[in-house]
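Trainee: Now for the letters of each chain:
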Amino acid sequence: MFSAYLLHLADNALILGHRNSEWTGHGPVLEQDIALSNIALDLIGQSRNLYQLAADQLNAGSPARKPVTEDDLAYLRDATAFKNVVLVEQPNGDWAQTILRQFYFSQFQLLQYGALLKSKEPGLAAISEKSIKETRYHVKWSSEWVCRLGDGTAESHSRMLNALETLNPLVPELFTAADYELSSASGGRGVDPADLKENWLKPVNRILEAATLPLYIFENKKRSVLSGKNGFHSEHLGYILAEMQFLQRAYPGCTW
Amino acid sequence: MEKEKIISILEAVMDPEIPVLSIADLGILREVEISGNDIIITVTPTYSGCPAMEVIRQEIRELLSDNGYPNVKINQVLSPAWTSEWMSASGREKLEAYGIAAPATTHSCTLDGPGTDRPDHCPLCRSRNIELISRFGSTSCKALYRCLDCLEPFDYFKCH
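Order-wise, the sequence lines are chains A and B. Just add 10 to wherever you are in the first sequence, counting from 1, and you've got the numbering used here. Just add 22 to wherever you are in the second sequence, counting from 1, and you've got the numbering used here.
It is worth saying that the hints were derived from the structure and are not from the lab. For glycine and all other residues, C-beta sits at the position ideal for the given N, C-alpha and C. Incorrect hints may appear among the rest.
Simulated pairs of lysine-lysine, DSS-like, Cα-Cα distance not exceeding 27 angstroms [said to hold, decoys possible]:
1) A/K212 x A/K128
2) A/K128 x A/K143
3) B/K95 x A/K76
4) B/K95 x B/K25
5) B/K25 x A/K143
6) B/K95 x B/K27
Some chain A residues flagged as far from chain B (calculated, every beta-carbon gap over 12 angstroms) [unchecked claim]:
7) G55
8) A125
9) E175
Rough simulated footprint, nothing fancy, chain A against chain B, three-plus residues with beta-carbon under 8 angstroms [claimed, not checked]:
10) 96–102
11) 143–157
12) 166–177
Required output: the full structure, derived from the provided sequences and hints.
Mentor: Right, here's the structure in full:
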């Protein structure tokens, strides 16, 4: 169960990193193209560390089997085996949607890493210690953009409203624990995301308010039926994997 | 002593993205140990996804091998997490001379307020009249600023 938890954390970082990397060469201005590429790099780096730890756990659990590597975990699992939340696999949409997705997720990831600093698994505590500094910067950057767009022109404001409408229903999944999150939390190695809800809502609404946007409210009727954490993804994940995994699937073990 | 000799050899391993800084200047070379015939080098990345780490590892291996140390093991540690405070004083000087503003020393990577995570002055003309262009620059560890006096844009090594 704990390796499933590590895969969940790694998949979140990898898939959002991959989405952000799709902006490389297509950003609205060069500086922001570079910003998103750098955030992608941070996230993919974090996912590598997490996949390595997951591979260690899996290999220790079944010494007879051929050892798995971080690459196997990223490139050779199918969509239903991925455990990332549906939020991070959403298409980039316009700049507003990309910004809001990053803002919501980074605010969450900041709290999650913060709690995992105390994980009884030293490898996970170390990754969290390393990653939280990067995430703090992502929160800062995305918060500034939410304000700039929300409190910007009529056009940017309306695009943010569209982004809120698209992404808000996907937020509750962040705080709905999967079984592996609960078991990892009760063993002191993970965190129950439901415990992070209030601390997420406060800074998020503070920024949304400064951005003159409607505040976030948790309400059940807007809940998505999907559960990426349990492998029930939106249609988008398969397309991401088709592109990301193509080379390793077509040419197994290929390196360059 | 042999350990000092190895450390001095490693002074030639530069960060490929900031070629005036050695890995010791940057503070990412954490430990050198000798265990029998093996040399164990411990490094830590600046950022999780820093692509320079692979190159740095390779250079450590090649350089030590050229100097008669073929058995090299390189460990990577994540904790304690690297901070820009580990940059050496001479590293900071070399950085400025290269045209990159050194990281703020009063560490305040907080979420709120303007903070002090900004360069003290323009590395080219030393004016303090500067503004942020972008929080991200050409590599993970840098942000982009502009000098309002000499009008040159410049990189800032972020406080991290």
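Trainee: Could you run down the list of hints and mark each one as holding or not?
Mentor: Going through the hints against the structure:
1. A/K212 x A/K128: holds (23 angstroms)
2. A/K128 x A/K143: holds (16 angstroms)
3. B/K95 x A/K76: holds (24 angstroms)
4. B/K95 x B/K25: holds (15 angstroms)
5. B/K25 x A/K143: Violated. B/K25 to A/K143 sits at ~32 angstroms, over the 27 angstroms cutoff.
6. B/K95 x B/K27: holds (17 angstroms)
7. G55: At about 3 angstroms from chain B, A/G55 fails to clear the 12 angstroms cut-off, so the statement is violated.
8. A125: holds (16 angstroms)
9. E175: The assertion about A/E175 holds, with a minimum of 27 angstroms to chain B.
10. 96–102: holds (count 4)
11. 143–157: holds (count 3)
12. 166–177: Violated: only 1 residues of the segment 166–177 of chain B have a Cβ under 8 angstroms from chain A.
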